[in-house]
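S.K.: Join the two chains, each given in its own frame, into one complex according to the hints.
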Amino acid sequence: MPLIQPDPTFYPSAREAMSAPREGLAYVALLDTAGEGRPDGLATIDLSDGTIVGVHDMSVPGDELHHFGWNVCSAALCPYAPHPHVERRYLVLPGLKSSRIYIFDVKDDPWHPKLVKTIEPETVFKKTGYSRPHTVHCGTDAIYVSALGNVEGDAPGGVFTLDHDTFEPKGRWEADRGPQELHYDFWWHLGHDTMITSEWGTPNQIEAGPSLELLVGREYGHKLHVWDLSKRRHLQEIDLGDQHQMALELRPAHDPAKTHGFVNTVISVEDLSANIFTWYLEDGIWKARKIITIPAEPATADLLPEPLKQFGAVPPLVGDISLTLDDRILLVSCWGTGELKAYDVSDPFSPRETGSVRIGGIAERRPHPATPGRALNGGPQMVEASRDGRRVYFTNSLYRSWDDAFYPDGISGWMAKVDIADDGSLSLDPGFFVDFAPDGRRAHQIRLQGGDSSSDSYCFS
Amino acid sequence: MDLTSVLILTGLGAFHGLNPAMGWLFAVALGLQEHSRVAVLRALPPIVLGHAGSVLITLALVSVARLAAPPRIVSYGVAALVCGFGVWRLVRRRHPRWVGMKVTRWQLAGWSFLMATAHGAGLMVLPITLHNGHGTAELASQSLLATAIHTLSMLATTTAVAMLVYERLGVAVLRKAWFNLDYVWAVALIGAGVSAAFT
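Protein sequences appear in the order of chains A and B.
Numbering follows my numbering, in which position 171 of the first sequence is assigned residue number 192; successive positions increment by one, without gaps.
Numbering follows my numbering, in which position 28 of the second sequence is assigned residue number 31; successive positions increment by one, without gaps.
Source of the hints: derived by calculation from the structure; they are not laboratory data.
For each residue, glycine too, the CB sits at the ideal point set by N, CA and C.
One should not assume that every hint holds.
Claimed, not checked - Straight-line alpha carbon distances no greater than 30 Å define the calculated DSSO-like cross-link-like pairs of lysine-lysine that follow:
#, chain 1, residue 1, chain 2, residue 2
1, A, Lys191, A, Lys252
2, B, Lys105, A, Lys279
3, B, Lys105, A, Lys308
Claimed, not checked - Which residues of chain A face chain B? A few of them, derived with a C-beta cut under 7 Å, are:
#, residue
4, Ile25
5, Glu291
6, Asp292
Okay, chain B solo, but in the shape it has when bound (with noise of 0.2 Å):
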């Protein structure tokens, strides 16, 4: 995997674990509902790791796919499917529904896990791997290589901004910083289905 592919997944990685919808703010809300900086923290591991099953499997489908079609038609496949579903999540406002705020680490990571899926995240690195590796071996170790890479930076983003407004701002931040990254997010996602169909 060359710099520039591992900068951009990075990258991504900072900018899902930005995002108070992908899972730091429910850490932050469960610290606070316990008066507990370790819950913070202790939440921070199953949403981390839901959001990278959700990257995980759309890597290892697509490397199924490019083992089972010709490469032009997973390209294109591909390109099709990201951008599709970024148009999709510009146009479709959605009030999802989950457990609550009493949940199990398994739960959380479940909630994590269907968050990435319902906004895309695993599509929007998918472009990065799509032209790289061929063979079982290798599509499988740079899925994993490109989850890790994203999981950690995910990881590291999602944990600094959790404790920051934990500790120090405060969740009445939330009311002039979270912007609506729906169309950032829309955005990322058409971005990516071109450079999937182009390069």
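Chain A extracted, bound-state conformation (with noise of 0.2 Å):
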């Protein structure tokens, strides 16, 4: 049923959408240690103690939730395709090893999510010819799903989209792919109807787990794509640097009228450096230039893992970035060496450092203030600002088969949360801890209950 005024939890700009009522609950996604013995789950958190609320066991073993996301946002405001009287209320959560995609209504309980529609994986290879679903975005007119990869498991990936009411796939997005054939993350710049996809690698490259002979080779993903977002055509490839292995998270200004963005490359082959690039439009060309490089970290072999031993060192493997919704501050997990950090963007090709915790860990395997004694793995890796900019959630598993290769003990969930004062510095609340260990599973997005910094997106400046 149609609101008679627009759904509260849309906001024509980025800017007013800081001013909204502070987040109450946290959907979290959990992934099944074993990958085939328990389904994973949609867990829900108080945030206001960080109590686990109830969990969601999905209908059958081995999803491999990852990146989901909102039926519709603030897009819905857009004035080319209004419909700003619909709800935000279902949850799309892709399975990116089953191709499996479920959604979840919150309306009527937001502390109990509850499943009303399962899009079964053979709907998803034959009305898009892709598989593994991964990120899920609202868009203006429809909601938007990348996949890694083709039914095969091979290029391309892509983008496919669902329609708002039915949740039907509609089919493939793109009219023109030019050479894109990796993919990974998409989202776009309304006010530029572009669109910008990254690249990981295809499922049959990633899901045994990270290949050092892939990575010698260069053969990740190192590109980003630009893309008319109306007409759907490929305009541009950047290359990062094939030694920038893995361009993952793309996180563009929310302001509309701004043209540059963040992503992030998770390993430099030359030095084990994680690198953030800016892009951004000058002359009608879109450019990106390294902005910033987290080096990797000094440790003794007996504390890394067998990939890891021959260098003696830890790679930071940025995982995740999140940009506050003023554009301002561009939170970084680095998952290696279980460090936060933020970073003033405000001139987005020459960041300030301005805050790090450290928590978990290949080798440091750091405590949380509130369990002092007990070391922890895993580290800082899905990262989600609320909308006010003031606090910042994360959780510390990344891929099943790649949290074995670099945690081999096995990683044990748990999501924290930090704060970020005026002046961008970062202090981990020591009372803010959720221990996944009981529950057995892993932590991996969240999503905040009505919008966070890396769902919506805004055609008013």
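M.R.: Below you can see the structure in the form of structure tokens.
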């Protein structure tokens, strides 16, 4: 039933979204450790004290839930396709391994999301030709989903859409993909009708775990692709350099008048560093410039897992980044070294580090203040900033087979929170620690009730 | 054309001009994107012309029908069409797809034409003109006059709202003030259809 007034969680601009009420609940994807044992789950967390309100188990095991999203969001206010009287009430959860997609309704009882529809893998295969759905974004005219590969698990990966009302897959998004083959994340500059996509690797390249051979061969993705969002055509590719392996998360500026954004690369084959690039539009050409290098940290071999022993160092392995809604603070999670860093990116070409906290990490295993005696494994991984840009929540698991390569003792799932001060400095909230060890599953993507800094896009400055 | 018809046409013009989905919101967004009041004002003529084109084509098509078919058949046909469209607007929720934010003036006019047509803007105006005028010349001038009155009213309203939001209120006002006009719109269509059948 359409609403009489616009959904109160929609905001015309990111700046207005910063005045949204404080988030009360978080939804967290939980991955089964064994992969084929118990089903994955959707946990609901009460953010006032970090208690796990409940976990909804998926219907079958083996999904590997990843970056889920909302059915609609602030983009519904966009003036060229306005439909603001819909409701942000469904979470769309893609199973990266199974290619199954779950639709959960959180409206009637936000503490206990209800499964209302399941899109079976065969439907995704048949209607889109893609498999391994990974990231969901609420678009102006449809729900957009990225997929890492084709039905056989090879290239090309791309984007498909789901109908807003029925959630049925509508088909491949690309009208002309040009040279694009590898795929990972996607997002857009709505004010400029431009989509950006990034590259990880095909399902067949990544599912068994990280491959030293592919890495040394520089065969993982290292490019960005620029698309005409309305004509669905490939415009341009930007090569970040093949030493920079795995170009992952895309965080465009939230102000639709701006034409820049940030992307992280996981590992440089030259020095094990992780890097952040700014992409930008100059004289009608999209370009990218490296703005942050986070070096590997030396560590003794006996503290390192097998693949890293020969290097005597821990790579930061930046797996996720998050940009506050005022486009000021970029959060960077270093999953290898166990550090969450904050940079002031008001000037997107000269970032200034403003804060850092350390927790977990391959060599350090640093504890959380709430459990001082307990060495934690995993490290800051999926990171999500609150709408007001004052709080950041993060979890510690990346992807099951990759978790096991870098943390061979098996990741014990947790979620933590840091506060961001006015000057951009970070402090761990000593009282907030969600321990998923009793559940046994690993925590990945976080969504905040009513929206967060990496779900909505805006058409007004 | 009598005074009542003029007032109704003006009122419907104001109603269409008030609806964010008919174009002023697009003009405001383009102004914010370019940080320019001129951009808001530049966007309005194509939007209004596209709307007027949709209204005029609807009136012209029915004028042709009136020249070719008996009046009662046309009246009942129009009534059924307008009511039916109103009911369809009540039950059908659509997610329009359009080019995006970077538009030429022609694309903006085209967008406005499609939005007006998809919402049945011309159909709502139609019954006002249904029972006046005879012969090709008279029907043509009536269609033009009705479109002109409606369009001027729409232009005045949409310009006023666009400038008010851009200069004073800001788009945050949308969150509270953007009432779901779809119901009002659908009811207005059904009402217009009923009046076509019974007047």
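S.K.: None of the hints should be skipped; say for each whether it holds.
M.R.: Verification of the supplied hints:
For the suggested pair Lys191 (chain A) and Lys252 (chain A), the alpha carbons sit about 16 Å apart, so the restraint of at most 30 Å is met. The straight-line distance between the Cα atoms of Lys105 (chain B) and Lys279 (chain A) is roughly 14 Å, inside the 30 Å bound, and the hint therefore holds. Of the supplied pair hints, the one linking Lys105 (chain B) and Lys308 (chain A) holds, its CA atoms being roughly 20 Å apart against a limit of 30 Å. The beta carbon of Ile25 (chain A) comes within 5 Å of a beta carbon in chain B, closer than 7 Å, and the hint placing it at the interface holds.
Restraint check, Glu291 (chain A) versus chain B: the minimum CB separation of about 39 Å is more than 7 Å; hint violated. This hint is violated: Asp292 (chain A) has a C-beta 41 Å from the nearest C-beta of chain B, more than the 7 Å allowed.
Of the hints listed earlier, those the structure fails to meet are numbers 5, 6, in rising order.
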